[in-house]
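Novice: Here is how the chains run, residue by residue.
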Amino acid sequence: MCTVEKRGSLFKLILNSDEDDQHRLSPTLISSILSALSQIKSQSTPGSALVTVARGGSGNFFCNGFDFRWAQAAGSESDARQRLRHMTDSFRQVVSAFVSLPMPTVAAVSGNVAAAGLVLAFAHDFLLMRSDRGVLYMPEVNLGITIPDYFTAAVRAKIGSPVALRDVVARGVKVRAKEGVEMGIVHSAHDSVEGTVEAAMRLGEELAGKKWVGEVYAEIRKSLYPEMCSTLGLTHNLIISKI
Amino acid sequence: MCSLEKRGNLFFLTLTGDDQHRLGPPLISSILSTLSKISSEATPGSVLITTAHGKYLSTGFDLSYARSAPSPSEALDRLTSMVESLRPVAAAFMSLPMPTIVAVTGHAAAGGFMIPICHDYILMRSDHGVLLMPEMDLALPLPDYFATVMRERIRSPAALREMVLRGAKVTGEEGVKMGIVDSVYDSTEKTTEAAVRLGEELARRKWNGDVYAEIRKSLYPESCRALGLTQKDLPSKI
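Sequence lines, in order, name chains A and B. Note that my numbering gives residue 1166 to position 176 of the first sequence, counting from 1, and the numbers run on in steps of one. Note that my numbering gives residue 60 to position 31 of the second sequence, counting from 1, and the numbers run on in steps of one.
FYI, nobody ran anything at the bench for these hints, they're computed from the structure. Heads up, the beta-carbon is just placed ideally off N, CA and C, and yes, glycines get one too. Treat the hints with care, as some may be off.
Residues of chain A placed beyond 10 Å of chain B at every Cβ, according to the derived structure [to be verified]:
#1 K996
#2 H1076
#3 S1080
#4 V1125
#5 I1135
#6 S1151
Covered by chain B, per the in silico footprint, the following chain A stretches (three or more residues, Cβ under 8 Å) [claimed, not checked]:
#7 1143 to 1150
#8 1196 to 1210
Make the full structure from the sequences, and use the hints.
Specialist: Quick look at the structure:
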């Protein structure tokens, strides 16, 4: 489950470890994140910003993708596929909610982040990562499973270099924080969990200090990622503002 | 306003005066008619070099003209009309039948950044001037073709985010690292000289301008769609 803390204009979305220290995206966690984002959106004011962190457990995972254990526990292979499809469909709404959230968003990636978990991180505006351990990667090619359309749309939106895109998506390369910075995927690398979270909070506070109008921010963000928006079914809203 | 001078193969489009070169209706139409004249006088080997007097290339639309309208809705109409009239200017740069070079010797912000980003080569001073998209600070939406042209010209998602979503003030040297600026020089004179050297080098190729424009357009298909430009089928000389 996740929880939300609010400190000044900064929202902190916390992925907790009470059920799973790898913070795998089970139906429960997905719907918990979705309702948290809806709550955050309804409370947003000019100057709001969001920082997402993972808390507790071994500290080695930010988010390790969908909860395959839950899918595999279905009994039959077709039921397992059904469960995976259910997670894929409901997580789409989480990515949509991040892309249209009316405030800057920062992910403090404090451990391994893989598959759907990486898409969760990429759905943020800024991805900060710890450099002393942990990798980001897309394991689908190794697992022999295909990648949902909105996953690739999100990855293509955030990885500009064709070489980096091939390595991450079609080669399953495990990318450490400093390599991620060189590849232009990771905004900054920090040498501990605490350092990563502190830097994310500082960045969140700096962005909050701009007092930007959230609705304008969300529209400008969407205009940067037209393919991802069309895959997610997000449309543009015309903001009539004062000049 | 802007002036036009021709030296050999090089056309010099200069935003004149020491003001901020705000893109109000008079400046926009002056640039558009100058580009149309340049296009009509193009010969194989022509090159455009764009520069500006003073400390600013351009700081964007003339918001004080918009704000001086009698009512808020008319103010918005004025802004919308400037946004729409700059679109053909961007289209004219993108379809100009010759290589285009801009010497950025002062600040280029918002609509004023559209001018350099529509050129083939961006040379910039390192000692003065920033590239800046202040829409977030002004709480103004980003016109559709601004976003499209910037996406196609700034290929690094991180650079695009810093510039557009964070409103970062990008100096010449940062612009080089971000893949936005081609090269930097430590004074206005050196920037302009480098632009002239590059212009002369490109002019010597004696490229066919119509072919050049079609090849340029083929690199930026989304921008062309947003700007209403279509590909022309040119008869090949082979």
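Novice: Work down the list of hints and note, for each, if the structure agrees.
Specialist: Results for each hint:
no.: 1; hint: K996; in the structure: holds, 22 Å
no.: 2; hint: H1076; in the structure: holds, 30 Å
no.: 3; hint: S1080; in the structure: holds, 26 Å
no.: 4; hint: V1125; in the structure: holds, 19 Å
no.: 5; hint: I1135; in the structure: holds, 25 Å
no.: 6; hint: S1151; in the structure: violated, 8 Å
no.: 7; hint: 1143 to 1150; in the structure: holds (count 4)
no.: 8; hint: 1196 to 1210; in the structure: holds (count 8)
When held up to the earlier numbered hints, the structure conflicts with hint 6 and nothing else.
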